[in-house]
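S.K.: The primary structure of each chain is shown beneath.
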Amino acid sequence: MKTTMKIKLKAINVDLQSDAALQVDISDALSERDKVKFTVHTKSSLPNFKQNEFSVVRQHEEFIWLHDSFIENEDYAGYIIPPAPPRPDFDASREKLQKLGEGEGSMTKEEFTKMKQELEAEYLAIFKKTVAMHEVFLCRVAAHPILRKDLNFHVFLEYNQDLSVRGKNKKEKLEDFFKNMVKSADGVIVSGVKDVDDFFEHERTFLLEYHNRVKDASAKSDRMTRSHKSAADDYNRIGSSLYALGTQDSTDICKFFLKVSELFDKTRKIEARVSADEDLKLSDLLKYYLRESQAAKDLLYRRSRSLVDYENANKALDKARAKNKDVLQAETSQQLCCQKFEKISESAKQELIDFKTRRVAAFRKNLVELAELELKHAKGNLQLLQNCLAVLNGDT
Amino acid sequence: AEVVLDDDREDLFAEATEEVSLDSPEREPILSSEPSPAVTPVTPTTLIAPRIESKSLSAPVIFDRSREEIEEEANGDVFDIEIGVSDPEKVGDGMNAYMAYRVTTKTSLSMFSKSEFSVKRRFSDFLGLHSKLASKYLHVGYIVPPAPEKSIVGMTKVKVGKEDSSSTEFVEKRRAALERYLQRTVKHPTLLQDPDLRQFLESSELPRAVNTQALSGAGILRMVNKAADAVNKMTIKMNESDAWFEEKQQQFENLDQQLRKLHASVEALVCHRKELSANTAAFAKSAAMLGNSEDHTALSRALSQLAEVEEKIDQLHQEQAFADFYMFSELLSDYIRLIAAVKGVFDHRMKCWQKWEDAQITLLKKRETEAKMMVANKPDKIQQAKNEIREWEAKVQQGERDFEQISKTIRKEVGRFEKERVKDFKTVIIKYLESLVQTQQQLIKYWEAFLPEAKAIA
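In order, the protein sequence lines correspond to chains F and D.
Sequential numbering from 1 applies to the first sequence in the UniProt record's numbering.
Sequential numbering from 1 applies to the second sequence in the UniProt record's numbering.
Derived by calculation from the structure, the hints in this document are not laboratory data.
Glycine included, C-beta positions come from ideal geometry on N, C-alpha and C.
Do not take every clue at face value.
[Claimed, not checked] Straight-line C-alpha distance at most 27 Å; calculated DSS-like pairs for lysine-lysine:
1) F/Lys297 x D/Lys285
2) F/Lys356 x D/Lys90
3) D/Lys431 x F/Lys269
4) F/Lys255 x F/Lys297
5) F/Lys109 x F/Lys297
6) D/Lys423 x F/Lys215
7) D/Lys187 x F/Lys255
8) D/Lys343 x D/Lys455
9) D/Lys312 x F/Lys365
10) F/Lys365 x D/Lys285
11) F/Lys379 x D/Lys274
12) D/Lys150 x D/Lys114
13) D/Lys423 x F/Lys259
14) F/Lys365 x D/Lys445
15) D/Lys90 x D/Lys120
16) D/Lys312 x F/Lys259
17) D/Lys312 x F/Lys269
18) D/Lys248 x D/Lys261
19) F/Lys259 x D/Lys90
20) F/Lys376 x D/Lys455
21) D/Lys261 x F/Lys269
22) F/Lys259 x D/Lys261
23) D/Lys274 x F/Lys266
24) D/Lys187 x D/Lys120
25) D/Lys431 x F/Lys215
26) F/Lys96 x D/Lys261
[Stated by the list, open to error] Facing chain D, a subset of chain F residues (Cβ under 10 Å, in silico):
27) Lys43
28) Ser45
29) Leu46
30) Ser69
31) Ala231
32) Leu242
33) Ala361
34) Asn366
35) Ala371
36) Leu389
37) Asn393
The task is simple: from the sequences and hints, build the whole structure.
M.R.: Okay, structure coming up:
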C-alpha cells in the first residue's frame, strides 16, 4: 500500500531550540511495501552547507547508522545521545487489511466499507507516528550544540545519494548483543561504586527507579489505549446492527433504531479519537521518555566507567611510583583518564539538568493537551447524546 | 380436582393446578406435546363461578367484572401493578442450600386482597410458575414470557459459599432477570388473571415445584418431548391460507437473527469495557508510582493527580459496563428468548392445523368404510361406521374451531407483543443513553478538575 503525505507535525518534544542556524523537518514520506522513504528537509544559514535549503530522501536504516555513529564516538561520551527512532512496523496493520480482504464475502458491503475505512485510518495513524518519531530524533540532534556540528549528521542531511548503509548482518547483530550484555553486567558492577559527587549519586538512584516506572507506565498506558479502541470498534458493530434492525423492522420503532444507529456511528468516531489522542499524548510520551531515560542511564554508565578507569589509572600510577618503573607512562595515562572523566562529568551534569527541563516541559505540554482533548471529546459526546435523546424523546 | 369439559366453552373455569407426583396420570397434559384438552385456559368471555377462599389450592376463583373489562383496563393506562424482586438471601448450607428472593407486589387492582404484600420465593418456584402457565396457555396461542435460564455452574458456586464478586454478580444478574420476568408476566392481561400467578404472588407457602429439578426425570422427559417436537415440525407442511402468518413468521425470523447479532456485539462491548476498566486501574497505579519517583515536585504532583483521575475514570467504566449489561445486553437476551416463545406459539398453531387435517382425513376414511359396509351389506358394521362418522364429524368441527381460535388469539397476541416490544425497547434504550450521558458528564468534571493541575507544572 502506497501512502504519500505532506506532514506538518509538531514534535513530541518541546523547547527544542530550533533557530535559523539549523532547522530540520520531515516534509514528506512515502510508504512502500516493505520500506518507508522519508524526505528530510533542511534549512540552514551555516556555512558548512552548500545551499541554504535542501532535501534528501532517507530510510530507517540510515537513521540507525547516524545514531550508532554517535554512540561509537568517544568524543560524545559525555552527552545524552538522542534515542534512535523505532523501526516502522506496519505488519499488524497490513495483516488486518489482508484479513479484511479475505473476509469480504462474509459481510455486507456497508460493513466492509466501514471496516476498510477504519483500518486505513489505523494505518495512517501508525504512519504519522513513525514519521513523527524520526523527525523528533533529527530535531533533537539539530538542537544539540555539539551534535549538530557532527560531520556524519551533515552528510546525512546533505548527501543526496544513498548512504549505502546496509542494515547490520547477523554477525554484527550478535556482536551488538554481546556488547550489550557485557555493558549491563558492567553496569551492575560499576553502579555498585558509590559516587563521591552527590549530584550524580542522586541522579543514578533517580534514573534507575524512574526508568523502571516509566517502562511500567508505558506498557499499562498502551493496554488502556488498546482497550479503548476495542470498545470503539464495538460501537461500530452495534451501529451497523441497529441500522439493519431499523431498516427491517415492521413497526414504528424503525426511525428510533435508525437514529440510535446514527448516534453510535458518530459517537464511535469520537471514542476512536479519544483512544488515538491518549495514545499520542500519553502512551507515546511515556515510550519516548522510556528511551530517553535509557539514554541518560547510558550516559551515567559511561561516566562511571571512566571513573573506574581513572581510579585504576591512579592505582597503577601509585604502583609504578612504588616500583619506580614506567612512571611517565603511568602519569600520562592517569592524566588522560582524569581529563576524560572530568570532561564527561562536566557535560553530563549539564545534560542531565537539560534532560529534566525537557522532560518537565514535555510532560506539561502533553498532559495539558491530553486534558484539553479529553474535555473536547467528552463535550462533543455529551452534545451528540443529548441531541439524540431530545429527538427520541420528542418522538415518543 | 374436577374439570368440566363442554362444547360450549363459555362455561369453563380455570383450575389451579396442584402438586402432582411423578407418575400420576394428571402429569400427562403437562408433559405431552399435544394441546391439552383437560386443562383449558380461561377464555376471553364472561366467567361465572362462586367465590371461594382464594388461598385454597384447587378452587376456581371468581372475578368481579367481566374479563373484557379487566383487559380493557389493562390496555389503558390504569394498569396498576408493580413487582419487585429483592433481598437475595442464602438459605441452608452445602449442596442443599438455595437463594430465597423477596417478591413484593404493589397494586391497586381489586383482584388482590391487599394493596401491598410480599412473599419469599426460590428460583425453582419461578420455574414452576412458568411451567404451569406455559402448559395452560402456550398451546392455545398465548405468548407466555419465558423464565430466566438455569445455571448449574453459577448456582453451585453460590451453594458452595464462594463469597467472591463473580457469585455476587451471578445473584444480582438472576435477581434482575427474575424481576423482569415477573414484570413481563403481569403485564399480560390474560396471564394476570391466572390463579397460579396470583398464588405465586400472594401465598406465603408454595408447594415445591418438583418437576423443575435440573436433572430430574421430568426434566429429561421434557427434553425428549422438545426433540420430538422439533421432528414433528419438520414434517408438517401446512397449507397457509392466511398470508399474515407467513409474513409474521418471516419477520420474527429476521428479527431473531438481527437481535442475536446485536446481542453479540453488545456482549463484546461489555467485555471490552470491563477490560478497559481493569487496564485503567492498572495504569492509575502505575502513574502514581511514576509520580512518586519523579523528582520535579510540580510534575510529581501532577502525575499523582493524573493517577487519581484515572482511578475515578476506572470506576466510571465499571459503572458503565454494568449499564451496558443490565440495560442493553439483558434486554436483547430477554427478547431473543421471547421471540423463541413467539415461534413456539406459531408452531402450536401448525400442530393444531395438523390435528384438524388429521381429523378430516380420518373422517374421510370412516365414510369410505361406511360405503364399503353398505355395499357388503353388514348392518351392524354399518351402524358402527355411522357412529364413528358422527364422532369424527364432531372432531373435525372442534378441530376447525380450535384452529380458528388459536389463529385469532395469535393475531391479538402478536399485536400486543409488538406494542410491548416497541415500548420496551424505546424505554430501555433511552435509559441506556441517559447512562452514557451521565458518564460523559462525569468525565468532563474529572478532566476539568485536572486541567489546572497540569497547567500548574512549572
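S.K.: Does the nearest C-beta of chain D fall within a distance shorter than 10 Å of the C-beta of F/Ala361?
M.R.: OK, holds: F/Ala361 within 10 Å of chain D, min 9 Å.
S.K.: Close enough to count: is the Cβ of F/Asn366 nearer than 10 Å to one in chain D?
M.R.: With a minimum Cβ separation of about 9 Å from chain D (threshold 10 Å), the hint on F/Asn366 holds.
S.K.: Is it true that the CA of D/Lys343 sits at most 27 Å from the CA of D/Lys455?
M.R.: Cα-Cα ~61 Å, so violated.
S.K.: Hint check: F/Lys297 vs D/Lys285, CA-CA at most 27 Å. Holds or violated?
M.R.: holds, 24 Å
S.K.: With a cut-off of 27 Å on the C-alpha distance, tell me whether D/Lys423 and F/Lys215 pass.
M.R.: Violated: D/Lys423 and F/Lys215 sit about 51 Å apart, past 27 Å.
S.K.: Would the hint linking D/Lys312 and F/Lys365 be met if the CA-CA limit is 27 Å?
M.R.: holds, 23 Å
S.K.: Would you check whether F/Ala371 satisfies its interface hint, that is, whether its CB is within less than 10 Å of any CB in chain D?
M.R.: The hint holds - F/Ala371 has a Cβ within 10 Å of chain D, the shortest such distance being about 4 Å.
S.K.: Checking one constraint from the list: CA of F/Lys96 to CA of D/Lys261, max 27 Å. Satisfied?
M.R.: The given pair, whose Cα atoms are some 22 Å apart, holds under the 27 Å limit.
S.K.: Hinted pair, alpha-carbon criterion (27 Å max): D/Lys248, D/Lys261. Please report holds or violated.
M.R.: holds, 20 Å
S.K.: Regarding the pair D/Lys261 and F/Lys269, is the alpha-carbon distance no greater than 27 Å?
M.R.: holds, 21 Å
S.K.: Less than 10 Å between beta-carbons is the criterion; does F/Leu389 satisfy it with respect to chain D?
M.R.: holds, 6 Å
S.K.: Need the status of pair D/Lys431, F/Lys215: alpha-carbon distance at most 27 Å?
M.R.: Violated: D/Lys431 and F/Lys215 sit about 41 Å apart, past 27 Å.
The structure is inconsistent with the numbered hints 2, 4, 5, 6, 8, 12, 16, 19, 25, 27, 28, 29, 30, although it conforms to all the rest.
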